[in-house]
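*Asks:* I would like the entire structure built from these sequences, with the hints used as guidance.
For any residue, its number in the working numbering is found by taking its place in the sequence shown, counting from 1, and adding 5.
It should be emphasised that the hints constitute simulated quantities derived from the structure, not laboratory data.
It cannot be assumed that every hint is accurate.
Said to hold, decoys possible - Here are the simulated PhoX-like pairs of lysine-lysine, each with C-alpha atoms no more than 20 Å apart in a straight line:
(1) Lys226 x Lys262
(2) Lys219 x Lys271
(3) Lys271 x Lys156
Said to hold, decoys possible - Derived DEER-like restraints, expressed as beta-carbon distance ranges:
(4) Asp190 x Pro280: 36 to 44 Å
(5) Glu15 x Asp309: 14 to 22 Å
(6) Gly45 x Val217: 38 to 46 Å
These numbers were taken from a predicted model, which means no experiment stands behind them.
Ideal Cβ placement from N, Cα and C applies to all residues, glycine included.
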Amino acid sequence: LPALPVTVAEQNITYDIAFTPNTIWITSFAGGTRRSTDKGLTWQRVVIPPDNLNSIKPQDTLDFCLSPIGGSFCSEGNLNHRAFSVVAIDDTTVLVGTANGINKTTNANDIYPGWVKFNHQNQDEPVSGNFITALAFSSNTIWASTWKAEKPEEFYGVSSSTNFGETWQTFLIDERTHNFGFKEDNVIVATDNGAFRSADRGVTWILPNNIVDKESGVALKTNIFYSAASQGNDIWLGSDDGLARLQETSFWNGDWKVYFASQPLKSDRDAYCYPNPFSPRQEQLKIKYSTGGVEASVTIRIFDFGMNYIRTIIQNALRNRTLEGAPEFWDGLDDNGNYLPNGVYFYRVDVGDDEPLFGKIIYMQ
6 LPALPVTVAE QNITYDIAFT PNTIWITSFA GGTRRSTDKG LTWQRVVIPP
56 DNLNSIKPQD TLDFCLSPIG GSFCSEGNLN HRAFSVVAID DTTVLVGTAN
106 GINKTTNAND IYPGWVKFNH QNQDEPVSGN FITALAFSSN TIWASTWKAE
156 KPEEFYGVSS STNFGETWQT FLIDERTHNF GFKEDNVIVA TDNGAFRSAD
206 RGVTWILPNN IVDKESGVAL KTNIFYSAAS QGNDIWLGSD DGLARLQETS
256 FWNGDWKVYF ASQPLKSDRD AYCYPNPFSP RQEQLKIKYS TGGVEASVTI
306 RIFDFGMNYI RTIIQNALRN RTLEGAPEFW DGLDDNGNYL PNGVYFYRVD
356 VGDDEPLFGK IIYMQ
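*Replies:* Pasting the structure below:
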């Protein structure tokens, strides 16, 4: 079979990885599905069905092009050759998620595995959509993040199967899911609207309460989550704005710890803000400062370029911050709850009776 050589780095992004005995499996967008049996020294293309076939097996006589896009090399392009997710259910069963559905092989160790494709169009009880951004397997259940692809009857959601793909149930309609995590038989679904958790195979879904660090009082303010995992009684959630760990005592209850990626301050008289430039419609500004590791009264205010007052973030708040301490947050709004014109703004940090600290903010809506 002819295969389009995809060598452009941005179209060879590896989105997922899985392992079977002596084999590594990867899904790399336009680079397709590949596997290695020599610990990554060499990689072989994995042939899965084109869009117009629901299955292939080694004894078939096949005539198609292994290509994610049509063009001069191949007249036809196949959404099913754009690979985004992969999971190994056992030593011989592998699932590959593409932009055209879920592909399953039960003879993954063969030189040329056979594949069966499941998508929204070829089953009576199908997945919600054909764009499979994540796959997971736990408690004899396949979980799939099933986004809408090209057909109008498809929809965003979560799909699960307890019979290895023969039929599917759909949940969390219209949610854009990014990944799955598990704690015992509970499933946690990371989405754009929070980390949904179910203890009854999807009948009910519950979000955590406010995620606030027990020690620092800093809150994780985003709703966008990309990953989830657990170890023992600890649950970990990865978001677009930081990492959170719950030391759980009961369902979604316990002590939270919030981690933000940032550079430590150079001294107790240093302060900075990030991200900078700052877009308030996308995220919150973080202002990092130190109190020298002792409790002190802190006030932080925002001013425009002419040093006209805009907003007080905290006033005479007792804080204890080290060089690697937690930041304060600004949502980009003034005292009246309005967004500001694009431009340069300043923050002022007053710690106790020390000289104030100033910094510049580049504000871009």
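*Asks:* Are the Cα positions of Lys271 and Lys156 separated by 20 Å at most?
*Replies:* Given that 20 Å is the threshold and the Cα spacing comes to 54 Å, the pair is violated.
*Asks:* Look at the Cβ atoms of Asp190 and Pro280 and judge whether their distance stays inside 36 to 44 Å.
*Replies:* Since the Cβ atoms of Asp190 and Pro280 sit about 39 Å apart, the hinted range of 36 to 44 Å holds.
*Asks:* Can the restraint linking Lys226 and Lys262 be considered satisfied, given a maximum Cα separation of 20 Å?
*Replies:* Answer holds: Lys226 to Lys262 is near 13 Å, not above 20 Å.
*Asks:* Between Lys219 and Lys271, is the straight-line Cα distance small enough, at 20 Å or below?
*Replies:* Not satisfied, since the Cα-Cα distance of roughly 26 Å exceeds 20 Å.
*Asks:* Falls inside 14 to 22 Å, the C-beta gap from Glu15 to Asp309?
*Replies:* violated, 39 Å
*Asks:* Confirm or reject the claim that Gly45 and Val217 have a C-beta distance inside 38 to 46 Å.
*Replies:* holds, 42 Å
Consistency note: the structure conflicts with the earlier hints numbered 2, 3 and 5.
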